[in-house]
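Taking the hints as your guide, dock the two standalone chains into a single complex.
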Amino acid sequence: MKSRATRAWLVLNIAEAAGIVLLLQALAAAPAAAESDAPLPPAAGNPATVAPRSSTTAEPPPNQAAKTTATPPTPPTTAPPATPATDDLGTLLLGTLQWPPGVDPNHLQVALYAGEATKALLTASLSGDQNFAFPGLDAGDYRLTTRGDGTRPFERWITIPPGTDVVRVDLPLIASWIVKVALLAPDGKPLAEALKGQPELLGSIFDGPVQVIASWQPLPAQLPFSDQRQTPFTVGQWTSARGLPGRGNSDLPARIAGTLELRQDQPAVIAAVLRECVLTQVPVEVGQQEVTLTVDPAQMRAKLATVRLQIVDATTRAPLADAKVGLNDSQSWRQPTAVGQDGVLLQERLLPGRYQLTVQVADRVAPPLTVDLVPGRLTDLGQIPVAAPFVLRATVTGGDDGAELNVTLQPLDAIEVPGTGRRSLRLGVRKRELKVELWPGRYRLRITGKGLGAAREFDTHQLGLAALAIELQTEPELQLDSTQLAEPALLVLTDGRGVVWCDRWITWQSRWNQQLPPGEYRWSLRGLDGNERAGAVMVAAAGGKLVLQ
Amino acid sequence: MRILPGLVALQAIVLVVLFTKWCQRPDAPPPPATAAGLVAADTPGATPEASSPHAGPTTTPDPLDRERLAVATSSIVLHGLLVGVDPLPGDDEVNLACRRDGIWRPAKVSRGRFAIAGLSPGRWQLRCESRGCRLLQLDVVLDHEPVQRRDLELVRAVVLPVFVRTSQGQRLQTELSKLGIWQSLQVIATEQELRSDLAPTENSSVGDLGVGRHRRSTDLNQGNDPNGDDGVLELDRDPPVFASLLLRHVLLASQRIEPGQSELRFVVDLEAATAKLAKVRLRVVDAAGQPVAKARIGLSSAQGGGAHALTTDDGTATLEHVLPGLCHFEVGAKDTENYASHLTLAPAAEIDLGDVVLHAASKLVGRVVDEHGQGVSCSLQWTALDLWQPPHPLQDRRNAAADGDGKFELWGTGAGRRYLVRAKTQGQRGERGTRVGFAHLGASATPPAEPPTIVLHEATMLQLRVREPGLTTFAVVVRDRDERPVEVRVIEPRWRESSVLLPEGEYVLDVYDGAGTRLSHRPLLVGTEPTTVNLP
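Protein sequence lines correspond, in order, to chains A and B.
When we follow the working numbering, the leftmost residue of the first sequence carries the number 283, and every step to the right adds one.
When we follow the working numbering, the leftmost residue of the second sequence carries the number 792, and every step to the right adds one.
Chain B on its own, in the form it takes in the complex (with noise of 0.2 Å):
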């Protein structure tokens, strides 16, 4: 047993070395797992972290290679020949682009052939998305020659025109718009048949998940053809697969796609489709408790449209065929404040909110200064913290300035509210440069003497990164450390990463599903370098 810790320090000596070799690796990702040692946040491999709430260990993101993120000053351009299919698809068909850590590189395509400049050395993610082609997706590692060749096979995608009709051989999408919808029929493809609804999106639909891609056309008369298609399925791969219609998130069908299928036809009861749509009932009152009559009720998704209603004398509103989902939730009234919230809606859901209050509007007004106590000038957002809720997303929707002496005035405060007021200014070319700040301020009648202030400090990038593809939706919470909200972003099934820009400190991340639960909750430090977190 003498041999033991000769035995231990002769392998920490071959650990060391072995570590040193890996990290010289070029492009080298951070080093496995090891038993001993620290475990960076996206390690391939690494001890999963405990996702219990509150009991998670400190998140330590690994950092990023702060080169990668500044503008390169010596420019690669990787360039190359569209190949594999004949005739090729047209220029403005070809959406390519490299892209790494929040850098996004969009590539000019001219008669099959393609160039992206304003790269750097390393590994890069390219994605090539072509009409009537397989989506591309590769990592391409660039050396340090100035221009770099590689050419990209396209393959011929097996593409279905899909028709969505009803029982009665209406097209479905023209009896919906009748309610009022216009959009949000999507199909998606995916390996597994989809047998359950999707998590709530705020977008009108889900967007291109999954194995193929659903191309509806843009002519809006197009939708006036009874014999009309609802556009075609791109596959990425040969059937079999599945393929699911939804409502924005919601599962209106689903059915196998054969080898040799030459359209895609989907029959769904009227009905059972408008069943699927929600009812609210609310009744917006005062601050003393009257009926506000006349108010404007607004449930839309993230690109407008909606559901909308005025209040009647008694205050009360009924919106009827409201899209289930995430709505955003707006009142407004004569001399009261912008009420704004979010609201998540289940398929033939029948809600009554009962009363919603409308608090008498109030200014807000306050300074930003940088950390001299100069005044800047900004973009202010402001979300009421007694209207927002995990996992829906802050308030974006409405924006202020704070003039170039650092003063703002906030519109559409509710006397009485707190609020989360996030300041960010311009960075130069992108988010470099960029400095924010926060703060949780009151709004009341009477403005105090002295108006509050909000420091800006320099940003550091955190990325959130999932890493496993899939359907699952994730809303990340960042939080300072008195544990209230200070950024939040919802990561969707069609998006992958995300991030935030944060001052240098200490926060809490939490991490919660698309229906609100949450996975973990973890102390964050943030630091000088640009960082990521691997979710969940």
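Bound-form chain A, shown alone (with noise of 0.2 Å):
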């Protein structure tokens, strides 16, 4: 028994003492390691890159101030003390994102713009935290910007001062005014139950066609067409609860089909569409939480559209069998379906809206045409003639050759199809040549790339076969900006000898650059009321600037 005790403390003593040894053995390495982990000094003569010592007079500029007022007031950033600054890091503009007590962003993205620049210097998505930091700037004038969910597009001007190593701009986040939006059946039972089983109803679209839209005025019945899925008419923005699983509205009951994110305070409508008809609109009070549209499934079936046209030679006005015609929105693709042994093609059932048209046929080939389809109405083309294409080749000359080129056809004879529209052709260029088959006629091509651009008009009719040639000069940008644009409004920008150049509605608000050659052009901006201004914008060498408002 004694020795059986002994052995028992001989083998406790043996483990403390193994645990000691270990233990002093991981003490004495641990300073080296931590040595070798530590931070590093401050460089020699740069003391101040360990921690923010300047910031920035981020108080807009005066003359900026006025470029702003699409974006909520904040307040000023406090200034500590500047430092000189080292040469090698140039400034570090770091900053956290604030939002108020229950608001739960998502998708935040964090911009920097030198200036006025309409390409950002720096982007930052931010994704589980909230802090940002761009490094390396120089002193200068600077536009910083967020986006997110939930929250209201925010513009600051700050200016770096020269000698400052580290700026800090926090940003106070403003929620948006989030309404949710109750799709109800007349019945009471929520828009998408109802749907189910009436597949005519429900479309392609993962969360069915009905789209929820917000204005600052009544709507009319009938927005303008536009070719894209779902329409752009809108100043709030739409999330249905029946989206991808993820995202969206989790925590919403299901009565609720989603909701309406407006980024003003103000009285608005809120409507119902498919595309661009109204089914039904509502006014709502600024900070109200929900509404409820009513939309009765027979109401939508009585919108849905139907198309006939016949696909025929163009010179002999001969059916064609052989013929698989497309009819497609400018963010969508289904498969084309064949035509009749008459050459015939008889679609129901379509979404009211615009669609581009598109035939394949062999060796043969159709005018580039949109086709407007109405609400509740048969839709009939008539004949759509297909001809032997005339093969376009051009060779482009100036500029880099690597540089990518955009290249835009615009056709310009009239369309002998009623019901139809002119399709503009958008191509890319390989190696500085492009080769495309056309409908036969006049068109207008446009050219642009990196500063560089060029147009031409031609007729098919005089071409020979020898390559267009084209040579790219350098044209200055018209800055358009549009952050002051509270309603959508149609756009249209001509030059001195009547062509246009610009001709679309702006629904967003933000600035982009459109390359133009220089001159001087006339501008035009009428909304969905009618009310139309217009005016005169010089593109000089260096370049022009168009707010829209």
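To be clear, the hints were calculated from the coordinates, so they are not data collected in a lab.
Check the hints yourself; a few may be wrong.
[As the list claims (entries may be wrong)] Listed below are the simulated PhoX-like cross-link pairs for lysine-lysine, each with C-alpha atoms no more than 20 Å apart in a straight line: (1) A/K732 <-> A/K713; (2) B/K1154 <-> A/K478; (3) B/K1070 <-> B/K969; (4) A/K478 <-> A/K401; (5) B/K1198 <-> A/K478; (6) A/K732 <-> A/K827; (7) A/K401 <-> A/K732; (8) A/K471 <-> B/K1198; (9) B/K1067 <-> B/K969.
[Said to hold, decoys possible] Computed, partial: chain B to chain A, Cβ under 10 Å: (10) G871; (11) D882; (12) W895; (13) P897; (14) G903; (15) F905; (16) V1148; (17) A1192.
[Stated by the list, open to error] Not close to chain B: a few residues of chain A, all C-beta gaps over 12 Å, as computed: (18) R450; (19) P502; (20) V568; (21) G622; (22) R738; (23) F740; (24) A751; (25) G817; (26) A822; (27) A823; (28) G826.
The structure presented is a predicted model; accordingly, all values stated were derived computationally and were not measured.
Glycine included, every Cβ here is placed at the ideal spot set by N, Cα and C.
So this is what it looks like as structure tokens:
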């Protein structure tokens, strides 16, 4: 017994001794490891690099404050005293996004722009964090913007003075006005449930064809057609509760179809639409949390459109049975449908709106067309002719051979098919050579690259087999600024000869550049209410700017 | 001998003092193993856990500092210069980030300067992968200063253009693409010669392993240039090293790279390469044993693509030129279930799967609730238990959503099958606040009167970490107390860690190698603190 107890004490003793040795070894090794892993001391002569000791005057400069009226007012950033900069690191801009309690913004992005540049210098997507840091900045004026679901777009001008190591800008985000939208059938059931088993009304969009939009004014029954899958005519951002898992309104009760995010506090109208066809609309007051829109599936069915057309040979007018016809918006693609033996295609139960018409038939092409399908009606396009194509060849010179070039071909001839419009063709250029099969006629060719551009009008009937020679010239940019545009508006830009350089609905608020030959342009802006304003803008060799408001 | 008890007592005091000192070290790892004390799971020098099946001790994962997982309220920025090479890689050619315990903080890089925001004090793993440079990996320890500087010294890598040609001088990738194989050729560099295939991967290639990176052009036209290269191999150390050409995980050729070598050229016999492809035959029948015509069959990688076929009138189909490896195996037909499983195909395998039975489509409806019985919206994934086997992953390609009242309906379920259904809410800004729940539910042609419920619970993050570098693949299967699977993670050599979100409770942890051999089987206790388990 005694020897057994002694053995036990001995074992315990040895075990403890081993533990002590191990701990001593580990402790002895620890300082060396800690030393090698320790942060480097500040570089000699750079005492300011380890702590933010300088900041910026982050209030917008007086001449720039007016340009940011679309963003909420923000308090000025406090500015600790500046310290001399280190030459090698530039200025470090850092900050934190702050948002009110209870708000959990998603998909936040911070972007830094040099002055009024429209392309961001640096961007940071914040996921799981609210801090950002941009290194290596030079002294100068910058714009700092944030955007994210659930928050209002935010912009702040900052000035980085020369010789500043660190600038800190904390950005207080403001929550958007979120309206929960219940989309119900007349019997009080959620619309999505009422549409189950009615595939013609569900469409190909995973959350159904009914979209919810917002406007600051009452909406007409029919908005202008767009060729997008869902209408861009909205001042709010719709997030369907029936979206992809992991994204969207995860905590909403089932009766809520989704949320509409409004980034300004003013009375609005909320509407349910089938593309540009308004099904119903109701007014909402500032701060209203929920709204109910009642949509009758029978009303939806009554809005569906039908199209009929016949593909014929352009010369003989004989029907062609081997054609396939595609009708798509600009964001979707569906398998083309074969026409019948008589060349006729009849498609029913289509969502009303604008479609791009494409025809596939051997060795022939159709005119580039868009088709506007009127709600609840049969749109009979009659005969669509197809003809042997003209093969346009063009060689492009000027500028860097590797530069990416964008090519647009705008048909100029009047369209002989009722119910259709002219569809622009967008192409890419490979190795500076363009080859494309065209419906014969007049076109305007526009090529743009990085700061280079060219435009040429031609008639295929007058072109020979030789390639068109296009020489790119340096072109300035017109900066278009729609940040103060309250409602969607149609912008048309024409030059002195009446050539249209831009003709599109502006439904967003941002700044972007459009490359144009230098010269004076007329502009006009027309809202949904028909009110129009117009003016002139000069695009000098150094560029120009047009603020839309 | 009477001195022994006193000595033991004295040593115990010394041990306590030393242990306390150890724990007080900044950023101290858990203490080393002692004969008398408990051993934390990731302790350096810890006694290896028993790895025999059914015989291991309880895994008591070491708690992580909860603060580490929380978003730091006082954020630290690490910034500095990229130095050492001239010219520096372009801003978009630098992939730099700090990570720790599942938190990942990417850097912004501008003109040779970098900044990483959102850091907190302590040790971080910094990883900098720059085009033309050696991979830089180091630990940085941050103190409480809000802005800290550390310049990063880049080292120019040995960069070798890679040419992979057939015996007839054609580009092997181009020739393989004629068989529908558009990717999957990859070169890896290792210190030791690779003599056999790696473990199968579900991805189209094994990724960057070893001591280099194979960068390939993303320009599709480049593949048509008969004289074009097949990318470059960047080496993280000077030759000699070994280069291996892989078709997915399958070794096609290897060679030693000598000092001073200016290019890397593989010549592979096309027939030998295509002989590695697999062939799969099967017959698709319905629950009554009748052949199913025009059933869609797909064998694909995680990135899609792969081999596809339709069954003929007698329900049979043959898929040829199938890339070996771990394939997602899917069969679908009108009015039947969405059959989804995995198959591991050996190189040059010719497999007859026999009859694949498609069950009739059924509805599996239920409700997801929180601990108070309130309906919760969340996403769901489901795996047919009889079609799953370790080390295969669970099904993660199909999702359903529970609506705001918690109601869900799973699509494509087969009548008579049992499913593991995993429900997960979206956490606020990442994984924080995420709630998860599991259930093993049966699908039947006649739904039960009372729909089953899945209860969501607050989840704790379980980090799975492979300590040893190497080329081993591990599959970790987390089972409930009844040993039914609830989660699976496959950790391939390119990643040495993964994580699982689990509700507090008792589990069983099985670890398999890439071939499906079980390496360990042990109980696992998950508490409310984030924990780490070291593998294997």
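Consistency of the hints with the structure:
1. Note on A/K732 and A/K713: the hinted pairing holds, with a Cα-Cα distance of about 15 Å set against a maximum of 20 Å.
2. Simply put, B/K1154 and A/K478 have alpha-carbon atoms about 15 Å apart, close enough for the 20 Å limit, and the pair holds.
3. Restraint check for B/K1070 and B/K969: satisfied, since their Cα atoms lie roughly 17 Å apart, inside the 20 Å limit.
4. Between A/K478 and A/K401, the direct Cα distance comes to roughly 45 Å. Violation of the 20 Å bound is thereby established for this hinted pair.
5. A hinted pair counts as satisfied when its Cα atoms are at most 20 Å apart, and B/K1198 with A/K478 qualifies at roughly 16 Å.
6. Proximity of A/K732 to A/K827 is assessed by CA-CA distance (about 18 Å); at most 20 Å being required, the pair is judged to hold.
7. At roughly 13 Å between alpha-carbon atoms, A/K401 and A/K732 fall within 20 Å of each other, so this suggested pair holds.
8. Using a Cα cut-off of 20 Å, the hinted pair A/K471 and B/K1198 holds, with the two alpha carbons roughly 15 Å apart.
9. A threshold of 20 Å between alpha carbons decides the hint, and for B/K1067 with B/K969 the separation of about 15 Å falls inside it, so the pair holds.
10. With its C-beta approaching chain A no nearer than about 8 Å, B/G871 sits inside the 10 Å limit, and its interface hint holds.
11. Nearest Cβ of chain A to the Cβ of B/D882: about 9 Å, under the 10 Å cut. The hint holds.
12. At about 8 Å, the closest approach between the beta carbon of B/W895 and any beta carbon in chain A falls short of 10 Å, and the interface hint on this residue holds.
13. This hint holds: B/P897 has a C-beta 8 Å from the nearest C-beta of chain A, less than the 10 Å allowed.
14. Because the beta carbon of B/G903 sits about 7 Å from the nearest beta carbon in chain A, less than 10 Å, this interface hint is met.
15. Contact between B/F905 and chain A, as hinted, is supported at the beta carbon level, the nearest pair being about 6 Å apart and thus within 10 Å.
16. The restraint placing B/V1148 at the interface with chain A is violated, with a minimum CB-CB distance near 29 Å, outside the 10 Å limit.
17. Annotation: B/A1192 was flagged as interfacial toward chain A, and the flag holds, the nearest CB pair being 4 Å apart, inside 10 Å.
18. Some Cβ of chain B comes within 12 Å of the Cβ of A/R450; the nearest lies about 9 Å off, and the non-interface call is violated.
19. At roughly 33 Å from the closest C-beta of chain B, the C-beta of A/P502 stays outside 12 Å, upholding its exclusion from the interface.
20. Residue-level check passed: A/V568 sits 25 Å from the nearest beta carbon of chain B, beyond 12 Å.
21. At roughly 26 Å, the least C-beta separation between A/G622 and chain B is larger than 12 Å, which holds for a residue marked as non-interface.
22. Under the 12 Å C-beta cut-off, the non-interface status given to A/R738 relative to chain B holds; the minimum distance is some 28 Å.
23. The claim that A/F740 lies off the interface holds: its Cβ sits roughly 29 Å from the closest Cβ of chain B, which is beyond the 12 Å cut-off.
24. Once the 12 Å rule is applied to beta carbons, A/A751 is consistent with being away from chain B; the minimum gap is 25 Å.
25. Consistency note on A/G817: stated as away from chain B, and its beta-carbon is indeed over 12 Å from all of that chain's, at 39 Å minimum.
26. Here A/A822 stays apart from chain B, with its beta-carbon at least about 30 Å from theirs, past the 12 Å limit.
27. No beta-carbon of chain B comes within 12 Å of the beta-carbon of A/A823; the shortest separation is about 29 Å.
28. The beta carbon of A/G826 sits about 29 Å from the closest Cβ of chain B, which is more than 12 Å, so the claim that it is off the interface holds.
Of the hints listed earlier, those the structure fails to meet are numbers 4, 16, 18, in rising order.
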